[in-house]
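**Q** Working from the sequences, and respecting the hints, build out all of it.
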Amino acid sequence: MAIVSVHIPAIGEGLQEARLVATLKNPGDRVRRDEPIYQMETDKAVMDVESPYEGVIVEWLAPVDTVMPIGAEIAKMEVVEAGEAPAAAPAPAASGSAQAGEEVPLMIPAIGEGLQEARLVATLKNPGDTIKRDEPIYQMETDKAVMDVESPYDGVLVSWSAPIDTVLPIGGQVGVVRLTSAAATAAPVAHAPAAPASAPAAAAPSTAARPAASHDLRAIPPRTRAYAKEKGIDEATLVTLPAAGSKLMPEDVDAYLAGGSASTAAPTKGQGYTDTPVSSKQRVLNSRMVRGNELVVPGTISVAVNWEPIEALRAEVKAKGGDFQPSTFTMFAYCVSRVLEKYPQFRTAMRGDDTYRTYDHANLGIAVALEGGELVIAVVEKSDALSFREFADEARAKIDLARSGKDQANETVTISLTNMQNYGLRDAVPVVVPPSVATLFIGEVYNGLRQNTSELHLQRTCNLGLTFDHRVLNGAAAANFMADIKSTVEAVRTLITL
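In the working numbering, the protein residues as written are 13 to 510.
Calculated from the structure, these hints are not laboratory results.
Predicted model only: the values in this text are computed from it and were never measured.
Warning: the hint list may mix true and false statements.
[As the list claims (entries may be wrong)] Pairs of lysine to any residue, SDA-like flavour, derived with a Cα cap of 20 Å: (1) Lys37 / Glu53; (2) Lys354 / Gln420; (3) Lys418 / Ala267; (4) Lys137 / Thr178; (5) Lys241 / Pro117; (6) Lys241 / Pro254; (7) Lys88 / His19; (8) Lys137 / Pro117; (9) Lys394 / Gly244; (10) Lys418 / Glu242; (11) Lys418 / Glu386; (12) Lys259 / Arg45.
**A** Structure, rendered in structure tokens:
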């Protein structure tokens, strides 16, 4: 047993100090190597920092909220297996200098031990822009954090060498800069050679840091995020997926997609009770709803709609016969899709706290109930650009796919329909599940009173209830949207031609 020092790791170029946000372990606690033991804050992010050793925390050397220089000693540990303390990382060697007017490459910086790759999230400058040394010029994502990367030079951005979402190796070229003044150019990133097969491998302690997360402390590498995006899995779903190891890998995504909605564990019977494991699909939905409760500022409005025009059109289709027999719900959903074309607020989602992303087309979600009480979403992509026949065929195919257990929810679905007409419910307040900004409830059709007339006259009526995210749109926009749906439904015969 040996007492060793734990130091603040170097987690980014140009960083000089970090603030101790919280200690996750107490003196006397036994910790595993790579287990988060404290949280630190830099000007890049708040991160969980993992233990470089397996052992016991002896003491913390600084109180919470202390600002410490990078490399400073923060704790003492008694290690289970004595090893060499990690040496301070050497400063990058300069490989030469470049003169004003020369073009030099921009490289992905080494921002942490053990990192192999990073994803280009966003470019903050355009080719032709003048940039200053230490000015943020792009954003990159590793399995540690998303961070702004600063320019190492004064100059003019010539070009970007990779498109957004590209996964690049550490040290890979990301752009080209034309210098406006002479500057030293950094040497390429060096990777330590592998140990010879005949030599026993000495486990070097790692000092990796990763973003603090309330739901999951696992790292998610950029390659996994890119792969999940290709498969239509949004961020809210991704963080809930089970992993075989300490990091979520593409194989874990494949296992989730192939796993279906059934739980792998059987219910267990106790004395007077039964424990039933929550299925993976339900865990994902639960996570989304909890996130919605934390983020969404809900508003709700409702309207009664004359349902007779849709029922008349459905009767006409039925009398005509043939294989094409769309339901009244399909006709209603098409009306909603066409209205969405005129309301960009309902095609908009929040990206963090400071950005609205508006999609060119509406990807309409339809809630589908499965046996056992599970709920999945069918998605009609670009629903506002389809003819009625195309919409009806696509909706039927996607609903059938959902009934087989395939949840199609993704970050581009901004509004979903929940059809409760067959459950005897006239009114309800639906729940908004991010990244959607609205959920529209369709109630049971009943005999109601015709509106805007002095005479008592019964008409077939359906109540619609909309819950929307007040962060994205206000009550006036929601009211106009519902009024437009009402008028479109009541004039459905002019919208849908048979």
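**Q** Compare the distance between the alpha carbons of Lys241 and Pro117 with 20 Å, and conclude whether the hinted pair is satisfied.
**A** 29 Å, violated
**Q** Are the Cα positions of Lys137 and Thr178 separated by 20 Å at most?
**A** Holds: Lys137 and Thr178 sit about 17 Å apart, inside 20 Å.
**Q** For a C-alpha distance cap of 20 Å, please report whether Lys418 and Glu242 respect it.
**A** Holds: Lys418 and Glu242 sit about 16 Å apart, inside 20 Å.
**Q** Does Glu386 lie within 20 Å of Lys418 when you go C-alpha to C-alpha?
**A** 11 Å, holds
**Q** Quickly compare the C-alpha distance for Lys241 and Pro254 to 20 Å and report which way the hint goes.
**A** 17 Å, holds
**Q** Hinted pair, alpha-carbon criterion (20 Å max): Lys354, Gln420. Please report holds or violated.
**A** With Cα atoms ~25 Å apart, Lys354 and Gln420 exceed 20 Å; violated.
**Q** Is it true that the CA of Lys418 sits at most 20 Å from the CA of Ala267?
**A** 13 Å, holds
**Q** Is it true that the CA of Lys88 sits at most 20 Å from the CA of His19?
**A** Distance of about 9 Å is within 20 Å: holds.
**Q** Does the structure keep Lys259 and Arg45 at a Cα separation of 20 Å or less?
**A** Since the Cα atoms of Lys259 and Arg45 sit roughly 14 Å apart, the hinted pair holds (cutoff 20 Å).
**Q** Given the hint that Lys137 pairs with Pro117, does the C-alpha gap stay at or below 20 Å?
**A** 15 Å, holds
**Q** Holds or violated: Lys37 with Glu53, Cα cutoff 20 Å?
**A** 17 Å, holds
**Q** Regarding the pair Lys394 and Gly244, is the alpha-carbon distance no greater than 20 Å?
**A** Between Lys394 and Gly244 the Cα gap is close to 15 Å, so the pair holds against 20 Å.
Hints 2, 5 from the earlier list are contradicted by this structure; the remaining hints agree with it.
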